[in-house]
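J.: So the sequence lines, in the order shown, correspond to chains U and X.
The first sequence runs 1 to 430 under this note's numbering.
The second sequence runs 1 to 430 under this note's numbering.
Hints were generated in silico from the structure; no laboratory data involved.
This one's a predicted model, so the numbers in the text were calculated from it and none came from an experiment.
Treat each hint with caution, since some may be false.
Where chains are identical, the list cannot tell them apart; a pair therefore holds if satisfied intra-copy or between any two copies.
Claimed, not checked - SDA-like mimics (lysine to any residue), calculated; alpha carbons at most 20 angstroms apart, straight line:
| id | residue 1 | residue 2 |
| --- | --- | --- |
| 1 | Lys-327 | Gly-154 |
| 2 | Lys-327 | Cys-153 |
| 3 | Lys-38 | Ile-118 |
| 4 | Lys-327 | Arg-152 |
| 5 | Lys-105 | Val-136 |
| 6 | Lys-243 | Cys-153 |
| 7 | Lys-348 | Gly-275 |
| 8 | Lys-38 | Ala-304 |
| 9 | Lys-311 | Trp-279 |
| 10 | Lys-388 | Ser-114 |
| 11 | Lys-348 | Ala-156 |
| 12 | Lys-7 | Gln-144 |
| 13 | Lys-327 | Leu-151 |
| 14 | Lys-228 | Val-324 |
| 15 | Lys-105 | Glu-86 |
| 16 | Lys-228 | Asn-305 |
There are 2 protein chains.
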Amino acid sequence: MNQVDSKSFNPTAFLQELFATAISASHPAQTLSKHLPKDTRGSVTVIGAGKAAAAMALTLEQHWKGPITGLVVVPYGHGEACQYVEVIEAAHPVPDEMGVQVSHKIALLTQKLSADDIVICLLSGGGSALLPLPAVGISFQDKQSINTALLRCGAAIDEINCVRKHLSAIKGGRLAQMCAPATIHTYAISDVPGDDPSVIASGPTSPDSTTSEQALAILEKYVITIPKSVREWLNNPHSETPKPHDLAKYNNQFTLISTPQQALNAAASKAQTYGITPWILSDCVEGEAKEVAKVHAAIVQQIANHTQPIKPPCVIISGGETSVTLKGSGRGGRNSEFLLSFILSLTKQPQTQRQVYAIAADTDGIDGSEHNAGCLFQPSTMQQAHLKQLNLGEYLANNDGYSFFELTDDLIITGPTRTNVNDFRAILIY
Amino acid sequence: MNQVDSKSFNPTAFLQELFATAISASHPAQTLSKHLPKDTRGSVTVIGAGKAAAAMALTLEQHWKGPITGLVVVPYGHGEACQYVEVIEAAHPVPDEMGVQVSHKIALLTQKLSADDIVICLLSGGGSALLPLPAVGISFQDKQSINTALLRCGAAIDEINCVRKHLSAIKGGRLAQMCAPATIHTYAISDVPGDDPSVIASGPTSPDSTTSEQALAILEKYVITIPKSVREWLNNPHSETPKPHDLAKYNNQFTLISTPQQALNAAASKAQTYGITPWILSDCVEGEAKEVAKVHAAIVQQIANHTQPIKPPCVIISGGETSVTLKGSGRGGRNSEFLLSFILSLTKQPQTQRQVYAIAADTDGIDGSEHNAGCLFQPSTMQQAHLKQLNLGEYLANNDGYSFFELTDDLIITGPTRTNVNDFRAILIY
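All chains should be built: construct the whole structure from the sequences, respecting the hints.
T.: Here is the structure:
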C-alpha cells in the first residue's frame, strides 16, 4: 500500500467516513449561507418542500438578519424545530391529505405579495410528493389515480413528470407564477441526475418546456381513463405551465447549493488524506440496481487484475439514482439491492489477491422504505453469509437485500440526514 | 484537443480502426505461433472446436514442421481451407445432427492414442454448441430438451453448464480423458469473462469442479422432467466428470493464446498513437445490455462535464459479454441493444460541449443472429433518426437495434472474423 498504514487503517470505518463526509458536504448547514444575498436585512417569506426543507429553513434563520415568516413541508420524521418558519410533516413518497393541506397553505402565503417582497423557496428531493395540491377543479383522488395508472403502465419518467406538472397547482413553475411579482430566490439541493432545476421537486419555480397537449397525448397513449374534470382542465388554456418567457418577466433566481458531484468530490478529497486514490466514476449513474452493480464489479476486477486505470489502494466513488424492478417480496431499497448483486458478481469471478470493501447508501438516510441508509460489504459479510447459510442469489431474486444485510450485521443506520443528494457508493480496493 | 489534428481526424474511422486492431490482435494468426512448443517436428493429432478453430488449425499448419492429421469443427460460415486438418461446419448456437456426428468423429480420433502421441486441441468460443455429443445412453433429443428447459426456467449459467457437462461425452474434461495417455496441448481463445479454462467451450480438456449429484439437484430444483436414461446416467458413477487429480496424471497443458484483455490493450495502444487517452474500463463487463449502457453513458457524462477521471480527448474501451432479455420482436444482438440504450441515455441528459462517438460490436463478427458485427454512433446517427422520425425508445423496447442502425446507416459488417474475444466497445469523447 502507498501511504496507507495497514496496521491502523480500518477499511470499514474509512468507507463510513466517506459517506459521512458526502452527507455533511451537501448538508444545508454547510452549503446554504454562502449563496445567500449579501444584504439579508429585508423581510422574507420562506416556503419550501423536501427532505432538507426544515434543515434549510433552520440554516436560513441562523443567517438571515431581517424578519422571517413562512412554511415548509418535509416528510414525516424529517422535521427540525425552527423559530420563525412553520415546519409541517406530510407523507412521502405517496402523498396524503396533509400534503394537500400544506401545499394549499403555501399557495395562500404567496397570494398577496408585491414587487417589493422577497420569497425564499427552499427545494430538495421529495418536494414533489409533498406538494400534491391539484390544479383548479381536479380532485386529489383523480390526480392520484392518474399518477398510479401512469406508474403501472410503464410510462417513462419524463412522461409522468409532464402529466404531473400539468395537473398540479404548484409544480412546473406555477409556484413562481403565484409569487409574482415578488422577487424569488430559490435555493435547491439536487437529488436528480443531471441537476435539472425543472426536475428537482418537479420545478415549482422553474419554467416548464412541456405542454398540456403533450400531457393529454401521454394519457391517451397509455389508454388511461381520463376523468371529465381532467380532460376539461387540460383543454383549458390556463392549464398551460409557465414557459421561460413567462417567468423571465420577474426576478426569479435559481441557485443550486448542493449537488451529488459536490458530495462525491468531498468524499474523494477525504480519501486522498488517507493516501487512497479516489476515482469518481459518475455523479449520475442510473439503471437497474442489480445490473449497475455488475458493471461496478467488472470495474473492480479490472483494477484488481490489471491495475487499470488506477492502482490500488483506491476507491471508486459514484452517485446517481439506480432503480429496482420489484419481482420478489423482500425488504430493502436500491442500495441494498445494488450491494447484494455486487457481492454476487464478485463471488462469481476468479478470486483476486486484493481486498474489496464497499458501501452503498442513500444520502437522505433512508434506502427505500426501510429505516436504514444503506449497507456495507466487508470480509465479515461473507463469513456471516456462510455461517448462516444465506444464499445470495435467492435473497437477490426476492429483492430482499435488507434482510440479508441485517443478518450479516451490515446495515448502516443514520436516520434522516436532512439532506438528499441521492445515492452514494464507494468501493475500496486495496 | 491534445495532439489530435482536428482537421484530418476522422472519429468514425478511428473507432473502426480500434475495433479492427482488437480483432487482429486476438486473431490466431497473430497469437498462436509464439505459444507452440519449440520442437514442432513430432507427429500431432489436431482436434478443435469453435469460431476460431479453422483459423487456428491453418496457423498451426503454417508453423508445425511434423506430420499433422486431425479434425476441427466450426460454425457454418467460419471455415478456412486447411491442408491437413479436416474442417467441418456445424450449427451454432443451437446444435444440430452434424455437430453430433463431427464430435463423434473427434471422439473416435482420440481413441487409439499412446503416451507417445501429441494432441493439439484448439478451443474457442462457440465450441460448446459444436461438440454436442451426448454421454453414453442419452439421446441428442433428450439432451437438447433438457437444455431448452434449463434456458426457459431461468437457471443460472453456472447451473446450465454443470448439467451440460454431465450429460456430455466431450465437455468438462472428458475429451482429455479420452485422449489419455497422450500429451495434450490445449490452445484457447477466451470469450468468457474471467478467462476460466473450464468455461471456454465448456472445458473439454479442463477438470470440472461440479458433480453429477449437483447436476441432478439442479434438474430437480427447476422441476424439469428427467428422462429415465438421464436419471440412470447421472446416478451412474461413470457420469462423474474428471476432477483435477484425475487429469493431473497426464501431460495436459492449457495455454490461453488470446484474451479480451489483450484485444483491449491493443486497441488502447492504437488510441495512444492518435494522442487520445485510452481508458480500459473492464475486460469482463456483464449484465443486461441496456442497463450496462446507462452506466457507460453516466461515465461519459462525468468525463464531459467534470473531466473526471480523465480529460478528453479520450476513449473508454470495454469488453465482456452483455446479455439481452428479449421482450420485443425486433432484430439485433446485444451490441446494437447496448448502443441504442447508450444513445437514448445520452439524449436524456443535458447536452455537453463535447462530441461523443461510439462503437459496439462483437469481435467474432456476428452480433447475435444478424449478419452485422455491431454498429456505430456518430452525429449522422441522430440526423438520420430525426429525418426518418425514428423513436429510439420504441426501437429499444422492441429489441430492434439492428433495424434502427440499418436505417441510420450505421451497421458494421465484417463477416466472420475467425476469432472471438467477445464484446468490444469504444466510446470517444473529444
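J.: State for each hint whether it applies.
T.: Consistency of the hints with the structure:
no.: 1; hint: Lys-327 x Gly-154; verdict: both (15 angstroms within a copy, 14 angstroms between copies)
no.: 2; hint: Lys-327 x Cys-153; verdict: both (16 angstroms within a copy, 15 angstroms between copies)
no.: 3; hint: Lys-38 x Ile-118; verdict: within (14 angstroms within a copy, 85 angstroms between copies)
no.: 4; hint: Lys-327 x Arg-152; verdict: both (14 angstroms within a copy, 17 angstroms between copies)
no.: 5; hint: Lys-105 x Val-136; verdict: within (15 angstroms within a copy, 80 angstroms between copies)
no.: 6; hint: Lys-243 x Cys-153; verdict: neither (28 angstroms within a copy, 51 angstroms between copies)
no.: 7; hint: Lys-348 x Gly-275; verdict: neither (30 angstroms within a copy, 37 angstroms between copies)
no.: 8; hint: Lys-38 x Ala-304; verdict: neither (50 angstroms within a copy, 33 angstroms between copies)
no.: 9; hint: Lys-311 x Trp-279; verdict: both (11 angstroms within a copy, 13 angstroms between copies)
no.: 10; hint: Lys-388 x Ser-114; verdict: neither (66 angstroms within a copy, 50 angstroms between copies)
no.: 11; hint: Lys-348 x Ala-156; verdict: between (33 angstroms within a copy, 11 angstroms between copies)
no.: 12; hint: Lys-7 x Gln-144; verdict: neither (56 angstroms within a copy, 56 angstroms between copies)
no.: 13; hint: Lys-327 x Leu-151; verdict: both (15 angstroms within a copy, 19 angstroms between copies)
no.: 14; hint: Lys-228 x Val-324; verdict: neither (34 angstroms within a copy, 42 angstroms between copies)
no.: 15; hint: Lys-105 x Glu-86; verdict: within (11 angstroms within a copy, 84 angstroms between copies)
no.: 16; hint: Lys-228 x Asn-305; verdict: neither (62 angstroms within a copy, 45 angstroms between copies)
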